[in-house]
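J.: For this one, chain U is given, so just place chain D on it according to the hints.
Chains as they are written, first to last, in this note's numbering: chain U, 1 to 317; chain D, 318 to 361.
Because the hints were derived from the structure by calculation, they are not lab data. In this text, a Cβ means the ideal position worked out from N, Cα and C, and glycines have one as well. Fair warning: there could be bad hints in the mix.
Only part of the chain U face toward chain D is listed, based on derived beta-carbon distances under 10 Å [as the list claims (entries may be wrong)]: (1) Ser15; (2) Leu48; (3) Leu110; (4) Leu113; (5) Val115; (6) Gly249; (7) Gly251.
For reference, the chains in residue letters:
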Amino acid sequence: MTETTDKQTLAAEPSDYVQLLKPRVMSLVVFTALTGLVVAPGEMNPLLAAISVLCIALGAGAAGALNMALEGDTDALMRRTRGRPVAAGRVPRGDALAYGAILSVASVTLLGLGVNWLAGGLLGLTIVYYAGLYTLVLKRRTPQNIVIGGAAGAFPPVIGWAAATGEAPWQAWLLFLIIFLWTPPHSWALALYSAGDYAKAGIPMMPVARGARSTRLQILLYSLVLVPVAVLPGLVGLGGPIYLATSIGGGLVFLLLAWRLFRSRAGDQPDKAEAVGREAALYDVRAEAKSARNLFAYSILYLFGLFAALLIETALL
Amino acid sequence: MTEDEIAARKRRNWAIAGALVLFVVLVFTITVLRMTANIAASAG
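So here's chain U without its partners, still in its complex pose:
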């Protein structure tokens, strides 16, 4: 252990280790996994259901910790990520790696032994997919990184469904497909007003590799596919009238914002938000990039609304 690493270890706070788990991402994972678990047919012991969701959350957090450990150098170059524990030098890279690895093994083993091995296996696959395929292979090599890698974020409802039933039928994969198609417009909207950061870090996000105009077009095309697909659960019996209304109404707003973004000049000029704080940079953008910021912010609400509608209709009605 070097002297620097010793100093880092001495200064680290428990909150740094919580931050390594990417709590914001984890909250979405918990929510979508819980929806998959509740929407799946049959009854599950409530305590076992809670343990399943906890394991899925821990597994997602472990993948986040591995990601931050492996990307500490590039995270340090970007405003949005430079405050992360490894990038900021508060937690040594090796500690973050060990932490992620231990949590990965613990969460997969507990889910496999306690619930079933299909769910445990899918959780393990998700961690390997995100930390291995996305972080190590795709992210720095192709502008399609977020398209292929986005599948990692789409697995939780399938894992939840598998935990409840021991199976992963096509209905579970329909929920997967919604998150899979949602990820590119969501991530590229953010990338349109953070392109300078990605370019500096050498990450070929779509606006950096193909330009802002092509990115805006691809966001619109993905949105045109996403919105009808998101209505499908309401047509095949997974969701009822509340889901149908949410998916159609919410989808139309999504399309409107994607169209406005397409017609805008968002991302055409490099962002000049250097003076903006790390957290504020997510939402405080220059005027011409506001349409990108609006779609980014709305996309989170849209996905939350879809899964909330499914959850409410299944659990309460």
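T.: Just chain D now, with coordinates in the frame of chain U:
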């Protein structure tokens, strides 16, 4: 080690202790739940 570093270490130690207790409780709970389910299945 400075006083701040000693305090930070103490907080990390408490966090690790909490995580270990949670892990033990989880394993115990899962074991009881699985055993109960298996006994009920074999009795039925």
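J.: All hints, please: hold or fail.
T.: Here is what the structure says about each hint:
Because the smallest distance between the Cβ of Ser15 of chain U and any Cβ of chain D comes to about 9 Å, under 10 Å, the interface hint for this residue holds. Interface restraint check for Leu48 of chain U: the shortest CB-CB distance to chain D comes to about 6 Å, inside 10 Å, so the restraint holds. Proximity of Leu110 of chain U to chain D holds as hinted, the smallest CB-CB distance being about 6 Å (cut-off 10 Å). At a threshold of 10 Å, the smallest CB-CB gap from Leu113 of chain U to chain D is about 7 Å, leaving the interface hint in force.
For Val115 of chain U, the interface hint holds, the least distance from its beta-carbon to any beta-carbon of chain D being 8 Å, beneath 10 Å. Using the Cβ-Cβ criterion of 10 Å, the hint placing Gly249 of chain U at the interface with chain D is not satisfied: the shortest such distance is roughly 41 Å. With a least beta-carbon distance of about 39 Å to chain D, the hint placing Gly251 of chain U at the interface is violated under the 10 Å criterion.
Hint check: violations occur at hints 6 and 7; the rest are consistent with the structure.
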